[in-house]
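Start from chain A and add chains B and C with the ligand according to the hints.
Line by line, the protein sequences are chains A, B and C. For the first sequence, UniProt numbering gives the first residue as 1, with consecutive numbering after it. For the second sequence, UniProt numbering gives the first residue as 1, with consecutive numbering after it. For the third sequence, UniProt numbering gives the first residue as 1, with consecutive numbering after it.
By construction, these hints were calculated from the structure, which means they are not laboratory data. Just so it is clear, CB atoms sit at the ideal spot from N, CA and C, and this is done for glycine as well. Be careful, since some hints might not be right.
Simulated pairs of lysine-lysine, BS3-like, Cα-Cα distance not exceeding 30 Å [as the list claims (entries may be wrong)]:
#, chain 1, residue 1, chain 2, residue 2
1, C, Lys36, C, Lys9
2, A, Lys194, A, Lys95
3, A, Lys143, B, Lys12
4, A, Lys143, B, Lys178
5, A, Lys95, C, Lys9
6, C, Lys148, A, Lys324
7, A, Lys95, C, Lys148
8, C, Lys15, A, Lys95
What the simulated footprint calls covered on chain B by chain A, stretch by stretch (three residues with Cβ under 8 Å from a Cβ of chain A suffice, anywhere in the stretch; the number is not a length) [claimed, not checked]:
#, region
9, 84 to 93
10, 142 to 156
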Amino acid sequence: MSEQHITLPEGSIERQTQTLNLGPTHPATHGVFQNILEIDGERIVSSESTVGYIHRAFEKIAERRPYYQITPLTDRLNYCSSPINNMGWHMTVEKLLGIQTPKRVDYLRIIIMELARITDHLICNGVVGVDSGAFTGFLYLMKYRELVYEIYEEICGSRLTTNIGRVGGFERNFTPAAFEKIERFLKEYPVALKEFETMMNRNRIFMERTQGVGPISAERAMNYGFTGPNLRAAGVDYDVRVAQPYCSYEDFEFTIPVGTTGDCYDRFLVRNAEMWESLSIIRQAMDKVKELPSDVYHADVPAYYLPEKSAVYTKMEALIYHFKIIMGESDILPGELYNPVEGANGELGFYLISDGGRSPYRLHFRRPCFIYYQAYGELIKGAMLSDAVICMSSLNLIAGELDA
Amino acid sequence: MARPVQYNEKVKTVAVPEGYSGEGFFATTFDQVIGLARKNSIWPLPFATSCCGIEFMATMASTYDMSRFGSERMAFTPRQCDLLMVMGTISKKMAPVLRQVYLQMAEPRWVVAVGACASSGGVFDTYSVLQGIDQVIPVDVYVPGCPPRPEAIIDGFMRVQDLVGQESLRRRHSDKYKELLNSYGIQ
Amino acid sequence: MSLTNDYIKQRLAEKFGESISQVEESFGTMSFTAPKDLNLKVMQFLYDEEELQFRFLTDLTAVHYPNRTGEELAVVYHLYNFKERVRLRMKVYTSIEDTRVFTATRLFESANWMERETYDFFGVNFVGHPNLKRILNVDEMTYFPMRKEFPLEDQTRTDKDDEMFGRGGHIGI
Ligand code: SF4
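Same shape as in the complex, but just chain A:
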């Protein structure tokens, strides 16, 4: 901050700050957040955030819906990486019911989850590029997101809000075409990512714009409840995939990239590095899947897993289960658990209380965005207005997740 050479008299007009309303539909805020900034020239003196502009009452809806109807709700939490949310929810229910999924299901899930992580990070990093004036990178990366969407389409028929999988596994097996598409992505994406990194990582302008912007120390970050890439950029190697492995993540080798200063540049680098790790995980998973029998794609739990349609027409038992599941009449065991997964933005937790009925007694989502957006005011204090914009996009705030 430059020093003030002239002493201004009390009450002089230069001393007055002005109020700027950033949001909720400001073009610079990707998503609907309102920040009322108190600015002195270009510097931000203080800010106050308002959220809740797309509050949709997920938790209340979840109390009224049978278990399998909650999956579409989880899609809409962090819609940039819906499969992670879907599977996190399935795994929570499976944990409650004590369902053991076969290894192949775990590996297939990991492939999908890591693909989702990549799409999430690439949007975030692309948008950080856009906000610092580099639109090109974003357009290039978006092309590869379409490749991932094609993979989703091949597997579940949907692009963005995937509603992928079931409690116990997947609704249908992966087709050979799906594997081909994954292979294609694994081959083509690294080239583009490399190019993107070459363009951005040591780019003077980009570094000037992001280094030292919105930094946070590890201690503050933990106190603010940061998780995921934003916490790791501050130097804490906390990753749910390692700390509390789920879905056979323990079978894989990967590193957790960490940063040091927790500024926008570090967050950018951490996300890029994570994309490389995800690619390597997908590669490993693809190799592992090949060695397993190729017809296993769900656990054998007829009471909770929707039977195949042909069986519904021919078998009495399948028809009964089908009816029970579709009508939401299959009860779930009572219990209480908190199950976290590593979402693209951080620890996505499902706190589920079941009283043994058809729908949860209470379901609470721990939404990483919501918790770390509190720190935004502190991050941008004293920064320039344009830095605040980059800082917001590099935190990767997703309105759907934030407002629940």
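Frame of chain A; chains B and C with the ligand shown alone:
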């Protein structure tokens, strides 16, 4: 090494509207010419709040590229835009903001509701979600889907183009239109 | 030394004696109930002790049990120890008439918005919170929507036929 220069020869020009033409002149109605011009240079204002907004991102990015339809200029200021594209859930907290944005737009203005949420509230029949934006502002085109595919969004956009192209210049002054706005409490 | 649930239980019992109740373990996570005027003390103890170090507030929310008279609302804290990777669940019960509970914002910055959310949904009144007002819903709202007695749907609407849309809870949904 110099790159070979490429020319895009596949450019499609719009058809000439009906009219009289002779040596050095062409006469037609204002409606048609203005409609033609407006239709192919719509400035959309994306009002993206949630998931559908992400699908809109795909629509305007490389693969689908909505700019091909004359909407190259994505403007974020309501005062200069013709088309308000509402994508995503609009909560009750957001409704006044949306209305404000609509009021700031200059006539003629069009509105597309993209996705189930904007059209009817979608899956969120809850205490906090507005059950369709047509409760606060008039809507011209609804695009179904949760989220609609980019193709569907483009289709919705082309429907708006049709509307824009055919609109009579007098429509906005008609009593019927005023009545419509009045029913939303807009003077 | 690895931190076991038994050890935590023992330390808590040593310090707070009888006031820690309902200690149970489900899915590997220990859960206990603390009296509502001790919630801060317990958290501070868990935070400060060298061997415990629960310095990360993962989650804070509430649950409404309309049938438990006198303790209708449960405020649930999830605490986490980064080093030992241990999770802990603490509950504080409060009656619906007097929903005052001490705020955890002094200890954890992250509690700020989570408490506001809990207030917004359940009306738990966090004493000492710097800015306790609604966060997700509009300020004009007069009730606390997540309490069980309030319906999910907006009651003022007329456009959707109740029978067709399964509102009011009389059929399946
Ligand atoms: S229609 Fe579906 S995808 Fe679109 S905003 Fe609503 S929930 Fe999201």
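Do the hints match the structure? See the list:
The hinted pair formed by Lys36 of chain C and Lys9 of chain C meets the criterion: a straight-line CA distance of about 18 Å does not exceed 30 Å. Taken as a hint, the Lys194 of chain A and Lys95 of chain A pair is broken in the structure, with Cα atoms around 39 Å apart against an allowance of 30 Å. A hinted pair counts as satisfied when its Cα atoms are at most 30 Å apart, and Lys143 of chain A with Lys12 of chain B qualifies at roughly 25 Å. With a CA separation close to 45 Å, the supplied pair Lys143 of chain A and Lys178 of chain B exceeds the 30 Å bound.
About 24 Å separates the Cα atoms of Lys95 of chain A and Lys9 of chain C, which keeps this hinted pair within 30 Å; it holds. For the hint pairing Lys148 of chain C with Lys324 of chain A, the CA-to-CA distance comes to about 26 Å; that is within 30 Å, so the pair holds. Distance restraint check for Lys95 of chain A and Lys148 of chain C: the Cα-Cα separation of roughly 26 Å lies within the 30 Å cut-off, and the hinted pair is therefore satisfied. Restraint check for Lys15 of chain C and Lys95 of chain A: the C-alpha separation of about 33 Å exceeds 30 Å, so the hint is violated.
Counting residues of the region 84 to 93 of chain B whose CB lies closer than 8 Å to any CB of chain A gives 5, so the stated coverage by that chain holds, three being the minimum. Remark: the region 142 to 156 of chain B is confirmed as covered by chain A, as 3 of its residues place a Cβ nearer than 8 Å to a Cβ of that chain, reaching the required three.
Hints 2, 4 and 8 from the earlier list are contradicted by this structure; the remaining hints agree with it.
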